[in-house]
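Student: Sequence:
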Amino acid sequence: MPILLHDNARPHTARLTVAKLQELELETLRHPPYSPDLSPTDYHFFRNLDNFLVGKFFNSQQAVETAFRDFIDSRTPGFYSRGIDQLPLKWQKCVDNMGAYFD
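All you need for our numbering is the position in the sequence shown, starting with 1, plus 156.
Hint data in this document are derived by calculation from the structure and do not stem from the laboratory. Bear in mind that the values here come from a model prediction, so they are computed numbers and not experimental data. Do not take every clue at face value.
[To be verified] Okay, the calculated beta carbon distance ranges per label pair:
(1) Lys176 <-> Ile228: 19 to 27 Å
(2) Thr222 <-> Phe202: 15 to 23 Å
(3) Phe214 <-> Arg171: 36 to 44 Å
(4) Asn215 <-> Met254: 29 to 37 Å
(5) Thr173 <-> Ile240: 38 to 46 Å
(6) Gln218 <-> Leu245: 21 to 29 Å
(7) Thr184 <-> Pro233: 20 to 28 Å
(8) Ala175 <-> Gly211: 20 to 28 Å
(9) Arg171 <-> Asn207: 32 to 40 Å
(10) Ala175 <-> Asp241: 14 to 22 Å
Just so it is clear, CB atoms sit at the ideal spot from N, CA and C, and this is done for glycine as well.
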């Protein structure tokens, strides 16, 4: 069963959202809202996307979409696995820092 990691901010816990996730048979793995140190998309995915986009300029929506697809296509399954595998270490760091924000 696929697992969706997202925070428990209100839009993610709205009745319609929860119903759709159940309909899609997605299990959710929750973490506190607005905790970038816990989110692999913030520290792994978007950091790499930012690096990929450095120095690129776009003159159309199509160019932006193409660049995003190029980024996605350039990632291996191992890229996503590494982001997931780092979660326990990030979580432990949060516990060790008593929930305080860190980079």
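Student: Take the hints in turn and mark each one as holding or not.
Tutor: Checked hints:
Remark: the range hint 19 to 27 Å for Lys176 to Ile228 is upheld by a beta-carbon distance near 23 Å. Distance hint check for Thr222 and Phe202: the Cβ-Cβ separation is about 19 Å, which falls inside the suggested range of 15 to 23 Å. Between Phe214 and Arg171 the C-beta distance comes to about 37 Å, which sits within the given range of 36 to 44 Å. Distance hint check for Asn215 and Met254: the Cβ-Cβ separation is about 47 Å, which falls outside the suggested range of 29 to 37 Å.
Between Thr173 and Ile240 the CB atoms are about 22 Å apart, so this pair departs from the stated range of 38 to 46 Å. For the hinted restraint 21 to 29 Å between Gln218 and Leu245, the CB-CB distance of approximately 39 Å leaves it violated. One distance hint, 20 to 28 Å for the beta-carbon pair Thr184 and Pro233, holds here, with the actual separation near 22 Å. For Ala175 and Gly211, the hinted distance range of 20 to 28 Å is not satisfied, since their beta carbons lie about 43 Å from each other.
For Arg171 paired with Asn207, a C-beta distance near 38 Å keeps the hint of 32 to 40 Å intact. Ala175 and Asp241 have their C-beta atoms about 31 Å apart, which leaves the hinted 14 to 22 Å range violated.
Checked against the numbered hints above, the structure violates hints 4, 5, 6, 8 and 10; every other hint is satisfied.
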